[in-house]
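Protein chains in written order, with my numbering: chain W, 49 to 761; chain V, 49 to 761.
For the record, the hints were derived by calculation from the structure and aren't laboratory data.
Be aware that a few hints might be false.
Stated by the list, open to error - Ranges of calculated distance between the beta carbons of each label pair, as one might list FRET restraints: (1) W:K601 with V:K511: 50 to 58 Å; (2) V:A97 with W:L510: 53 to 61 Å; (3) W:R109 with V:G738: 39 to 47 Å.
By construction, the Cβ of each residue, glycine as well, lies at the ideal position given by its N, Cα and C atoms.
Number of protein chains: 2
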Amino acid sequence: MIALVALATVAQAGPVLNDPKVLAQMGREAARYPLLKDDLARARASVDASIRTGVNVPVPRDPGGGATHEQHRRNYNAIYNGGLLYHITGERKYADHARDLLLAYAKLYPTLGKHPAASNQVPGRLFWQSLNDSVWLVYAAQGYDAMRDTLSPADRATIDAQVFRRMADYLSVETAQSFDRIHNHATWAAAGVGMTGYVLRDRALVTRALKGSDGSGRAGFLRQLDLLFSPDGYYAEGPYYQRYALQPFVMFANAVAKNDPAQRIFQYRNGIVVKAITSAIQLTYDGRFFPINDAIPSKSLKTDELYQAVAIGYAATKDSTLLSIAQWQGRTVLTDDGLAVARDVAAGKARPFAFVSRLFRDGPEGRDGALAVLRSGPQDDAQVIVAKNTAQGMGHGHFDRLNWLMYDHGQPIVTDYGAARFLNIEAKSGGRYLPENDSWAQQTVAHNTLVVNETSHFAAKLKPAEATPPRQLYFDDGASTAEMAGAYPGVTFRRTLVQTEVAGLGSPLVIDLLKVTGNTPATYDLPLHYNGHLIDTGFPLTSNVTTRPVLGKDFGYEHLWVDGTATPAAGTGRVTWMTDDRFYSYRFATRQAKVLLVESGANDPKFNLRREPAIIQRLEGAKDATFVSLLESHGRFDPSSELVTGSASAVAALDHVRSGNADVIVVTLVDGRRVVIGVADDVAATATHGATIAGRRFDWTGHLGRATWEKGQ
Amino acid sequence: MIALVALATVAQAGPVLNDPKVLAQMGREAARYPLLKDDLARARASVDASIRTGVNVPVPRDPGGGATHEQHRRNYNAIYNGGLLYHITGERKYADHARDLLLAYAKLYPTLGKHPAASNQVPGRLFWQSLNDSVWLVYAAQGYDAMRDTLSPADRATIDAQVFRRMADYLSVETAQSFDRIHNHATWAAAGVGMTGYVLRDRALVTRALKGSDGSGRAGFLRQLDLLFSPDGYYAEGPYYQRYALQPFVMFANAVAKNDPAQRIFQYRNGIVVKAITSAIQLTYDGRFFPINDAIPSKSLKTDELYQAVAIGYAATKDSTLLSIAQWQGRTVLTDDGLAVARDVAAGKARPFAFVSRLFRDGPEGRDGALAVLRSGPQDDAQVIVAKNTAQGMGHGHFDRLNWLMYDHGQPIVTDYGAARFLNIEAKSGGRYLPENDSWAQQTVAHNTLVVNETSHFAAKLKPAEATPPRQLYFDDGASTAEMAGAYPGVTFRRTLVQTEVAGLGSPLVIDLLKVTGNTPATYDLPLHYNGHLIDTGFPLTSNVTTRPVLGKDFGYEHLWVDGTATPAAGTGRVTWMTDDRFYSYRFATRQAKVLLVESGANDPKFNLRREPAIIQRLEGAKDATFVSLLESHGRFDPSSELVTGSASAVAALDHVRSGNADVIVVTLVDGRRVVIGVADDVAATATHGATIAGRRFDWTGHLGRATWEKGQ
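Extracted from the complex, chain W is given alone in its bound form (with noise of 0.2 Å):
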């Protein structure tokens, strides 16, 4: 009897969430392709070097980046890839060393209390922050999972107590109203505890986690899959944080679509999960994530959230333009699916990735605002206009209602600073989000929109800026319309960025038409962060060239230095830099515009900021104003050669009158052609409106017109 009890537990044991005949095959095939030899070799020596140091579990003691921080976070990766190797490989000791580090986490788990590090997150026991317990718990599942079946009944009863139930406990149970948000950290949990749940065959976990603490569904994964993800699959956090919270929604979705096909978890709310997956690259240029709110810039798609998703994703699609992803990020997972996505790669199934323009409404019904990316082209080093008219994103948002970036010929041109953090290092505040997050980062000033009397949308507080979204108006592939509300009492402004492509410049003109109603005359600046070295302006210029002034008090202008100050003469509105070996000119028509020229880092006594520049257009006394701005890429310096072409700008002149109830914007080359643009106050489609510029007539039907008149006419 004893026996036959010990055989149905061995039955009960095997892997549900990769399959071990397709993970032996892996083994067999992976040296034949690019995507897993160099990833195999990898975790076998990762896993060899975890062997070779013994067990190490040690009691918690340090914040992120610490010593016990990253030995934990180095066994759960071994525990993962221990049970997958020991099926890749065929080798017993991986599920062994797998097996001691768990039965060492038997021990020490039910010892642990609160973590001594812990500061204003939820605490976890075995990290600062329950997030990275939560994160361990889902590696370590996968691990098991996949070696469960080689423990003696009482090893095996061991662990599942020990470590596995008493997480998934602690993370659902004991930490609730944290289990409950709907919040990234909570899907992280969820995924956990309901991995966990398939692992031990323990329906219950499994439902809490996908319905929640309470089973009502008003929490837990499907509610977090209704509510974090726009209809358009973007992520409430921007696509930093939606890199991030990608990982749990598509590995539990995957655990889900193995054990509850009932489920149909792949074709969920229209397919939401895939959507998520796509989006998150469609949010990138040159690989890395646009960093608007909270976001690390060097980020890019070659991180283990996204060889994941690709793998995934591919596996619920067949989608072959996800291979030519995983070839740019050249490698992939060591999971079943990943071995068809290196396979497939293989076998020459990549087709390009498209990257398009495209709107992504934000909010769970899609009515909170939206970010547009306009591309030139699906090239690497085409021209990228984002623009951030979403809502604010919860904690890690910042307050830069209709901020806009630029990329250029592969580089960033009109910058966001992302956070004020140096991820995991210690030294800098425990690599936590640094003070200056909050008094830098997250202010409108470190953004390019408007910001009046020197004060933050919403006064920077987060519950305001949450009830508050701006609302997109308009969109095609060259433009985007938006409109802000609220953010100041008694102030609206409305932005349209168009993207122009002129026969015979290299790069599309940008131009940025910024109208602000108020009710009270005010201060109103527009600043524009740049990367890259001034050349010249095209004004006389006061240079603090001794003594740079602080800008200001509080709302991030406490950071700034001023470095110099201009009230430009009519049609003298220009400044050109250098970013690579490319030349920028921005260009603006403001009318009564004073500008300030101005760098990051004052009040920085920890050297925590980058300094970096930027312009500001500053408008005094106004209510109703127009800002009027232009950017242009041209030229090159050819460092091989040395030659120089095209370093003055092709625009010869930049206007913007006001008629009727439209803008017209005309920017007139060099060479005697008139780009015009029209943009009228009513966004309908079919409405049609016209302007006389110059004795010439321009008439145009729906929101925006635009033109090109050939020299002289």
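Dock chain V against chain W, hints included.
Relative to chain W, chain V alone:
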């Protein structure tokens, strides 16, 4: 009779600089060779574009980077490539286009006087400085050589007389003083004049080129070969100008070898031409030239001069390690020598170029100091130390005796500003050297070496600086000692740099011992300019967060903002920064040093300077003093996995003792090991020295002793 004369003239008009049969063969083979096929397509496209544009030979007007300047550059390229392409492709249109351009020059050139944009350089006629006229002549002569036999006798006579003979006379007779200088500008002139001599069959021009305007040999190409390179092939102005200077040397040497084989030019002075080529290659990191003196830091081996140099050097030596450089460059030149390079690379004959630690003596006899290069290995991302113990290097030299640079893991770490110049960018002082090149880039404080009383070496006066080189006292593969007397009245300083491998550390440690003897109390500053973002300091810092004072009044100090100051307690002297994904800790055991953290950019009204940080160790009221510093590369942030390793220094302490006639530096590692370096005052190889360190005896023979003591030993 007329026909016979014409034939004789044609016979005398055939190519003498390239073999037309080999060029025709290139046309047949180029598509097979990766190094040629793009280059050939580029050359065709560029000349085809010139043909489409038609003849455009404008009256000179603009300085460097301006429209007429660039047009005349494009024209000499069209003449050069046109001549070669005529043979390579067999298409007559290329020869005809070169002819049409040259006939236009034959009309324009005789009408020209001094260039209207001439400044303080020797004026040219086509260009603002005669140097560019010489370059024009070097290229045009080669193009003309290739197609001269296609001309009617009348056209040939016109172009001979009105373009080439006139230019050659202008450059060698009318500006004889400049022609007879020992200077790279004169080498370009000699090359242009000498090549013209070969092409026109005018022996007098050749003699003038080889032996100076009076034919005495006191000037001219051979004398330049004697004096402009050291016996090790180091060029007095430094690597950036070595690259530039190299081109007329190698091109003209090649012409001499082909037309005057008896001259044995490649054997001249023990093969100095080839030494100059290989030394130029040695003086790079990851392909970029060490940017000492007036240098544009982005300049790499991917440049016309080095394509030519590698092809000509290979033709002269058949040294197959040069082929690996051609491979890295990804191209070669459209000459008969270029074909051999492309063919042999395609045949797999390339062997790795041997980058090694090496001393490059300076001065025509090798007695004027040296450039010491220490490499931890031959690979691209090895750690490299450059000790700049060279002489002044003429007008482009900087006042930075015993300066040093460091590279590590592919990045510049301890930096040299290079030149303050936006090459060929008209809006920046016409693309010429900026005023800040004098006020900042050439000053001592812009470098990593001793400054006394906030005054540059030699008070930044060229004449005494030229007269007083440092002395290289010692060199081995991991260390350099040099001494400087005369940069300041009564002050002598000596610097030892040691690069020492320690088992278990990812990069060698670098020890910097700088000893000063002076006769009156003074302020000694030792700046270290680094490339990176400050992480933290080992000592409390007084930060200037709302007003940054300017450090000084003159000698570059007026360009430094003071970010923070400190007086570190003993044992706390450490500053850690990040470069790319790695950490660097700079430690100092200098007794009683204050520390200033500074940034360039003050007194820079036109934004001409890059803004870069530096650390200054300052000693006040000092006479004899010893600066003891250690630079350590450690750890890594992996942006993909977000894992951080080794962010804390592996060094626990840095100590210095004076013992007898030696200094001993002890680096105690966190793991308890001690790295002990003894530096005797005596540089003799056979003298023995000793010291007692914490009760343990340390004896060594010769100038330097090194030991690693295990923990507890």
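Are there hints from earlier that the structure breaks, and if so, what are their numbers?
-> Violated hints: none at all, because every hint is consistent with the structure.
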